[in-house]
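Undergrad: Next come the chains, spelled out residue by residue.
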Amino acid sequence: MLLQAFAISPLLMVGIGAMLLMMAEAFSKVRGGLALGAAAVCFAGVACAAGVWMYGVETIPGIDAFSPWLRVDRFSLFFDALLCLGAGLSCLMAGGYLPEHNLDRGEFYSLLLLSTFGAMILSAAGDVLTLFLGLETMSLGVYCLAAFRRASARSSEGALKYFLLGSFAAALLLYGFALLYGVTGHTDLQGIGDAMAKGNIRNPMAIMGLVLILVGLAFKVSAVPFHMWTPDAYEGAPTPATNFMAVAVKGAAFAMMLRVLLTAFGDPRSASWASGWPPALAWIAVITMTVANLVAGRQESVKRMLAYSSVAHAGYILVGMVATMHSATQASAGVLFYLLTYTVSTAGAFGALILCGRRGAEAVTYEDLAGIGRRHPAAALPFAFFLLSLAGVPPTAGFFGKWFVFRSAMEGGFYWLTIIAFINSVIGAYYYLRVLVFMYMREPAAGAPVATPMRSGYVTAALILSAVLVIALGLTPTKSLSVVFQAAAIFGG
Amino acid sequence: MIPVEYYVGLSAILFLIGGIGFLVRRNVLVALMSIEVMLNATNLALVAFNRQHAQVHTGQVLSFFVIAVAAAEAAVGLAIVLSFFRLKRTVRSDEADLLRN
Amino acid sequence: MFATYGPMFLMMLVAITLASLFFIGASTLGKKKPTPEKMMPFECGSDSSGGRHLKLSVKFYLTAILFVVFDIEAVFIYPWAIHFKTLGWVGFFSMTGFLVTIVVGLLYCWKKGALEWEK
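Chains A, B and C are the protein sequences, given in the same order. Heads up: the first sequence at position 121 corresponds to 121 in my numbering, and the numbers run straight through without jumps. Heads up: the second sequence at position 13 corresponds to 1013 in my numbering, and the numbers run straight through without jumps. Heads up: the third sequence at position 17 corresponds to 2017 in my numbering, and the numbers run straight through without jumps.
It should be emphasised that the hints constitute simulated quantities derived from the structure, not laboratory data.
The calculated label-pair distances, taken between Cβ atoms and stated as ranges, are:
no., chain 1, residue 1, chain 2, residue 2, range
1, C, A2064, A, E411, 52 to 62 Å
2, A, T476, C, G2088, 44 to 54 Å
3, A, Q4, C, F2067, 29 to 39 Å
4, A, A274, C, L2115, 58 to 68 Å
5, B, V1004, C, A2026, 37 to 47 Å
Dumping the calculated DSBU-like pairs for lysine-lysine here, alpha-carbon to alpha-carbon at most 35 Å:
no., chain 1, residue 1, chain 2, residue 2
6, C, K2111, A, K29
7, A, K29, C, K2112
8, A, K303, A, K479
9, C, K2111, B, K1088
We treat Cβ as the ideally placed atom computed from N, Cα and C, and that holds for glycine.
Produce the complete structure using the sequences and hints provided.
TA: Here you go:
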């Protein structure tokens, strides 16, 4: 019993921590310190996940008591740690950003933690019931975070679009699962998978269900052409919330995608080029990468450019998803590693963007950043570093993320897909480097308002933490690779 | 006894009505209602399918949770619509045009 | 089919026929002397005022939505109560956890002033 509680301790930590934080915020008169508390809860979640991982989650007796509702395995522990890390970095950023921009209301942290809780449930869900509950717990919290700037019309507009399209996608996903329930009589993913292996993919109702599920998943990972909400919601939200959406929400959505596609549709017929989901996913990946990279280059707002860049990264990850068709373990390990590098690089980029602006003058456009490299190197240098990692320049973490995903695609025989992905990452480098050009080679136009960076210990801490992780992942990728391989081993074969 | 197919057909029609309503109508509140119609169509399908697989009640239990989630979703959705209305004095989604490209 | 639903159809038929007879009878047989007072929307004899749309305070929305959110928990409590004995202690503690979560939410609403009508 105690050991079982230990096995789900990351979940308990974040769930109970969120409720305690809510109570503390409602009952205590003391302001401040909430950011630290929330970040502490998140990093304690990381520590718990690491502890259970090292103890060996397979050896805990009675671990199956949670299944099929929650699959407590190395895959879900990996995502517990990843999501808590992303959330913790967002909390740290919020600790600097919210007071600076006069948004310091405590519900931000409770919402963020509850939504992290939902994301963790989602990544561990082995049944449609918990999957839907986790998805909605996560999404409802994030909708509120996106609307957090109540005085800004942009914020509420972005949140409105996000909410409408997000719940539409959830309804599509749910109806798809309802159809599958009708065909197979199961709502647990493993049961659906066993029934699909008997050739149910020929059933028109199952095909309809698969299509609806794919569309719903594509909405959630913000793949083109279902990405319309992404730039608006990302731009309107306060930057720490944007970071949370780009990092944790996207990570959990990909965890859900991996579990659904590889568990429920992992049989040879559903996961084949001739009669299954891989070709659809490959086309979505191609369109996503190409459109997102072309549009990102035309943006005037850096925040919006980063939003499109996160869409483009979803495209690269989808390339890895397609490759799971041939080698489930290796390709999904690549996806997990990519998510890890993407998380730390993106968090760093958003953190640096926060640092570049201050109250009433948030740095959002390229012009805002002009010449900041010479005037404020402490803010510009980390920004440049994380953008290089996002662009995939060696020896940063981002390079190895792309390397492993592309390699698994090559080994799966998807040469054309890999070439398109490679060309795209070259195009992508253009708009990342453009930021560097503005920071280091341009001077602001005469009389233009000059952005002055803010100072914040919280944001600096977040930056240092993600910088250390980016460097560590870039210099010693083998260690973390063995971790992602163990996490991906649940998909067998 | 009415066959299960009829219920499933009805739920598919309801789901389509909701989906088309969501895509066609420009009033945010109507879009919200369309989403609720879609979720209720799902509930109908789940309960109907549960009669086919009557050994366990997973479908019915799932539909309970969907009802609860739909209520929470409506609460959050209306709050967002309200804050949008406060700033823009409209509930039409084609007037949400500040963010482009 | 007809044996089960027949009486119901018959009753509906009778009800519809009767109702339409009354309506048609009232509109064709009665005398009509329309006066401006009679054409006014009925409002207890006094002159009606104001538009059709009544502006409701946003407080109604807040109370209503809180009611819905807290009301939904009954969906889970009823089945639990029926199976209380068979579910045993696991069921008891699960429901306790659920209720504690709800109470935390309620306390939060209360402390944030969402339940106060007058501010």
